[in-house]
Every structure is written in C-alpha cells, then in structure tokens.
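Just so you know, the sequences run in chain order R and X.
For the first sequence, position 5 (counting from the first letter as 1) is numbered 5 according to my numbering, and the numbering increases by one without interruption.
For the second sequence, position 61 (counting from the first letter as 1) is numbered 61 according to my numbering, and the numbering increases by one without interruption.
Just so you know, the hints here were simulated from the structure itself, not pulled from any lab data.
Since the model is a prediction, treat every value here as computed from it, not as a measurement.
The following residues of chain X were derived to be distant from chain R, with all beta-carbon distances above 10 Å: (1) Ser29; (2) Pro39; (3) Asp40; (4) Ala74; (5) Ala141; (6) Glu152; (7) Ser166; (8) Ala218; (9) Leu219.
Facing chain R, according to a computed beta carbon distance under 10 Å, are these residues of chain X, among others: (10) Glu94; (11) Gly96; (12) Asn146.
Every residue gets a Cβ at the ideal spot worked out from N, C-alpha and C, and that includes glycine.
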Amino acid sequence: MKARVHVMLKNGVLDPQGEAVRHALGALGFDSVKGVRQGKVIELDLADGTSEADVTEMCEKLLANTVIESYSVEMA
Amino acid sequence: MHAAVVVFPGSNCDRDLAVAFKAAGAKVSMVWHKDTDLPDGVDIVGVPGGFSFGDYLRCGAIAANSPVCRSVAAHAGRGGYVLGICNGFQVLTETGLLPGALLRNAGLKYICRTVGLKVQTSASPFTAGYNAGDVVQIPIAHHDGNYFADDETIAMLQGEDRIAFSYTENPNGARADIAGILSENRRVLGMMPHPERAADPVHGGTDGQALFRALTSALAEV
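Next comes chain R alone, as it looks inside the complex (with noise of 0.2 Å):
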C-alpha cells in the first residue's frame, strides 16, 4: 500500500520560491497568474496495514515542520 503526503507552506508564511515561480510565470505572459504557492509531496510505500495514524505520526515527527508547514495525508 501507498501514501501520499502534501506538505506546504501554511498560509502567512512567506513563500519565497513561490514568488519567484509566479514572476517566472508572468515573464512568460501568463498573466493570469495571481499566486503561486510551492510545495512537496512525499511518496511512502508502505506495509499492508499501516494505518492513516501511523503516517499522521511520520507527518508530526519529521515529514512536516508543523511551525511553517501544515500537511495532508492520502492513503491509496
């Protein structure tokens, strides 16, 4: 089994890379581009029957810096 988990930027912190993605963006005439917000996103492959706590438990302790970051998690 997988799971997918998305770590980004929380809101009010500044996202430098972001910004620097959205200026690119423009400079290429996508001018619809209001904001760009960047982030990652962590693969696991996982042992059959590791449960969405567990990886919950992976997000708090060291995939996600819960000060700056929030995360979610999707289990496939």
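Dock chain X against chain R, hints included.
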C-alpha cells in the same frame, strides 16, 4: 570548560568551532551523530554549521532526529549549555529546543559575507562579553536563514529579552531582524552568523572571540 562538538555527515564548520573553543581555553571532544551518549563532564554542546544530511527534507530535520540529538536535548533539559551556529541553529529549532524555524532567504540567494550584528542583550553566558547595543562584524553563510515565528512568539522573545543578536541590515528577511535567540533559561543559543569565523586575526576579524571567552569564563566556575 569541556565542550563537545557534534559532527553530522555534511557538517563543515565542526573543526572551526572546535578551534574557536580551544583558543578560548576549552577542552574539546568531537561527537559523532550516531553516538548515543555525550562524553562525561560536558558543559556545553556545540552544534556546528554545514549541510547536515545534505539539507534533505528540511535543513536540520534529519539531524534533529539523530541519536546524538536525543542526548543533546537531554543535556539541555538538565540545564546544560548548547550553542547552535547556522545549520546548528536550524537543528535546534527542528528539535524544539528553540522556537520558530529558518526559512529560505527572502531573496532566494545563498549569502556569504560579513554583516553587522547588534548585540541585543548582554544578559547571557554567550553575550556577557559584549555590551548591549554593541555592533559587531560577523560572517554569515546561508541559504535558509530567514527566521520565522508567529507574532506571539516574536513578542515573547522580545518581552523576555531573548533576542541575542539582530542584523543591522536585514540580509535574509528574518522577522524582527533576528539573527540569534536564547532559550528560556538563556543556556541555549542559536544564531545564523558564524562567530567561529571571526575568532582569530587571520580571519580578518575577531569580533566573535568575546562569545567564546565569555562562555569559558562563565563555565570555568561550573
């Protein structure tokens, strides 16, 4: 004073930090990240700069979960002293020994140059060799030194006189110009600038020496 300097794969300021401690009169032991115990009688742990574990996941995140960091946290919990510089500061925020986090520099560039730092408080064993208000010249070398904490935390740090150093000209977007902060008991200091790179005349500056000397004299009596 007995100092232990932690070495992670990717640390690159560990030997510089050891030299600075020794020059101030300390006995120094190097400690590998897989070691589960600190040497007996360690007064202060130095967490050095560098790129521990390649900065994978987040700067300092993997180092913060290494075996030696559990001992460092226990040492701090017993009232032991800890100095985290640059990547070491990132490690200390990741372990939760210091509040906040270090984000990518606002200008996105890696910055390596000497900057002005204002000493915000002399009330700590790290900063007792300076006067509050002094401006010192110390090098920075980082890509992720943009200090972030929520408004409440910043107000708490200011209210409790826990900002040790601030930038005279903010190079990285850090909130409240913060370059270094103290723990509640003032025995843990994390800072992005490198005092160990301004600790010998051949470095081109010696403004960092006072930090190591103040520590040695404070801890000589422990």
